[in-house]
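Work out the full structure: start from the sequences and follow the hints.
In case you want the letters, here they are:
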Amino acid sequence: MIETLRLYLSHSFVVNALIVGVLIALCSSLLGVTLVLKRFSFIGDGLSHVAFGAMAIAGVLHLTNQMLFVLPLTVLCAILLLRTGQHTKINGDAAIAMISVGALAMGYLLLNLFSASANLSGDVCSTLFGSASILTMTRTEVWLCAVLSSAVVVIFILFYNKIFAVTFDEDFARASGTRAEAYNLLIASVIAVIIVLAMNLVGSLLISALIIFPAMSAMRMFRSFRSVTICSAALSVTCALLGILISILSGTPVGSTIVAADIAAFFIFSILAKLKRKVG
Amino acid sequence: MPQIQCNDLTLGYEGRAVLSGLTFTVNAGDYLCIVGENGSGKSTLMKTLLGLMKPLGGSIQWGEGLRAAEIGYLPQQTPVQKDFPATVREIVLSGCQGRVGRRPFYGKAEKALARANMEKMNIIPLANRCYRELSGGQQQRVLLARALCATQKLLLLDEPVAGLDPRVTAEMYDLILGLNREGVTIMMVSHDLEAALRYASHILHVGSEFFFGTAEAYRSSSLARRFLYAEGGENA
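Read top to bottom, the protein sequences are chains H and U. 61 is the number that numbering that gives the first Met the number 0 gives to position 62 of the first sequence; each next residue is one higher, with no gaps. 72 is the number that numbering that gives the first Met the number 0 gives to position 73 of the second sequence; each next residue is one higher, with no gaps.
To be clear, the hints were calculated from the coordinates, so they are not data collected in a lab. There could be a bad hint or two in this list.
[To be verified] Pair by pair, the computed Cβ-Cβ distance ranges are: (1) U:E208 with H:V153: 49 to 59 Å; (2) H:L79 with U:E215: 51 to 61 Å; (3) H:V153 with U:S134: 37 to 47 Å; (4) U:S134 with H:K275: 17 to 27 Å; (5) H:L79 with U:G100: 22 to 32 Å; (6) U:N37 with H:L271: 37 to 47 Å; (7) H:L157 with U:W61: 27 to 37 Å; (8) U:E36 with H:V153: 45 to 55 Å; (9) H:E180 with U:R15: 15 to 25 Å; (10) H:L79 with U:N26: 40 to 50 Å.
[Unchecked claim] Partial pick of chain U residues on the chain H-facing surface, computed with a CB cut under 10 Å: (11) R88; (12) S93; (13) G94.
This structure is a prediction, so every number in the text was calculated from the model and none was measured. Note that CB positions come from ideal geometry on N, CA and C, so glycine has one too.
As structure tokens, this is what we get:
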């Protein structure tokens, strides 16, 4: 097994996949707590469907670098969804459901009507579930992913205290002079970037798992915001590494293997938390 | 020069007025209780003063260099906070957010301020405990310490004793009174009219009828007698 692994690791695309995978896993776990506690989980899920629709359009248009098209569109939708949630009379949840299901349907329709590909269901499946797209990235895409995920990590560290304040108590933060609206917008945009990035790793249907599972696992065990954040980042990176390695060795799809590792970690943490409570 | 001067204020949601013709002043060091029936617009008034919503009409003037960043707010508990993983220290420190401006991290001054306010609220032993595991009274003290990090001048308290048992309620009122004696202006929305009359210097009664004046004057007004009677009737 070690021999096979060494053989695979001598290929640069495998090493690239590991590096990009770790970076994406790291930044996707950071905002998990905020997403869950601010009731933004739905936005994350909706946006991943929007990203699928955008990917379909990019595919139909034969764009060489799809990310440059998908990213701005998803960020735009993130901002729109946040606004509908706050300002209009339309129920925020309903608006998100409409946009996300609509994007999913239109994306599939477009692909069916215009795609020149011989293997349409294969294409759709790989966009939805990731399959092996992380292994087939071009050099530019690898660099783009690395730069964007590092940017997400830096932004998160710089705005850590403000994100905490806005997540814990938005009214208080606003009353004491923090521009909560601006930070909500920042959070939504960062989520959009994370989703577009994570699409490469696990596909658009499984993104929420990558964002939410590590945070939920960490919340079982730890009590401070900082330790929960650090633990969920570490957990996410570990699961992504394990998932990618297992999928290379046993030929399983990358995305669902990573999510399976996340699910396993969640159950292990749940059991550990129960034991800890009994002891303590 | 008053700290807050409200002139003919009209409040409400989406163009529908909940309260109108509100005129009152709050001076430094006052202890103002805002009372009224359920749904009379007490919380709406609070939100407007905090700048979370805009008044439909009239004006609010802030005096003595009071900026938005200098209001401390003790909100009612939100569902989010019930399962939030955060320690007491993290939460109290977040009260300093208005002070740090564009700086990304808290400095020595903010950390010292947070510690001083935790000491004042007697929650130093709880500093590393998780907020969601504390009792109701402890949680309120944590939020009060956070509010004090945001201000030394004006505290807005929204039902600070809701859901607390009588002993803890009394402690909470003592804490608030202590802060008021140190010179912090208190504005408090309350259901507890008896306590309001015991502690407050001024009363603002909103709803179908309007009253603003000293607690003394309120006590002898016919409005207070009717309201007290109605409240007593509910409890009996």
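Comparing the hints with the structure gives:
1. Our hint of 49 to 59 Å for E208 of chain U and V153 of chain H holds, since their Cβ atoms are close to 57 Å apart.
2. Taken as a hint, the range 51 to 61 Å holds for the pair L79 of chain H and E215 of chain U, whose Cβ atoms sit roughly 55 Å apart.
3. Distance hint check: the CB atoms of V153 of chain H and S134 of chain U are about 39 Å apart, consistent with the given range 37 to 47 Å.
4. Range check, S134 of chain U to K275 of chain H: about 21 Å between beta-carbon atoms, so the 17 to 27 Å window is met.
5. At about 29 Å, the beta-carbon gap between L79 of chain H and G100 of chain U stays in the expected band of 22 to 32 Å.
6. Between N37 of chain U and L271 of chain H the C-beta distance comes to about 45 Å, which sits within the given range of 37 to 47 Å.
7. Evaluation of the 27 to 37 Å hint for L157 of chain H and W61 of chain U yields a pass: the beta carbon distance comes to about 31 Å.
8. At about 52 Å, the beta-carbon gap between E36 of chain U and V153 of chain H stays in the expected band of 45 to 55 Å.
9. Taking the beta carbon of each, E180 of chain H and R15 of chain U are about 23 Å apart, inside 15 to 25 Å as hinted.
10. The supplied range of 40 to 50 Å is met by L79 of chain H and N26 of chain U, whose beta-carbon atoms lie about 46 Å from each other.
11. A hinted interface residue such as R88 of chain U counts as satisfied when its beta carbon comes closer than 10 Å to some beta carbon of chain H; here the least separation is about 8 Å, so the hint holds.
12. Hint status for S93 of chain U relative to chain H: holds, with the closest Cβ pair at about 4 Å, below 10 Å.
13. Because the smallest distance between the Cβ of G94 of chain U and any Cβ of chain H comes to about 7 Å, under 10 Å, the interface hint for this residue holds.
Hint compliance for this structure: every hint is met.
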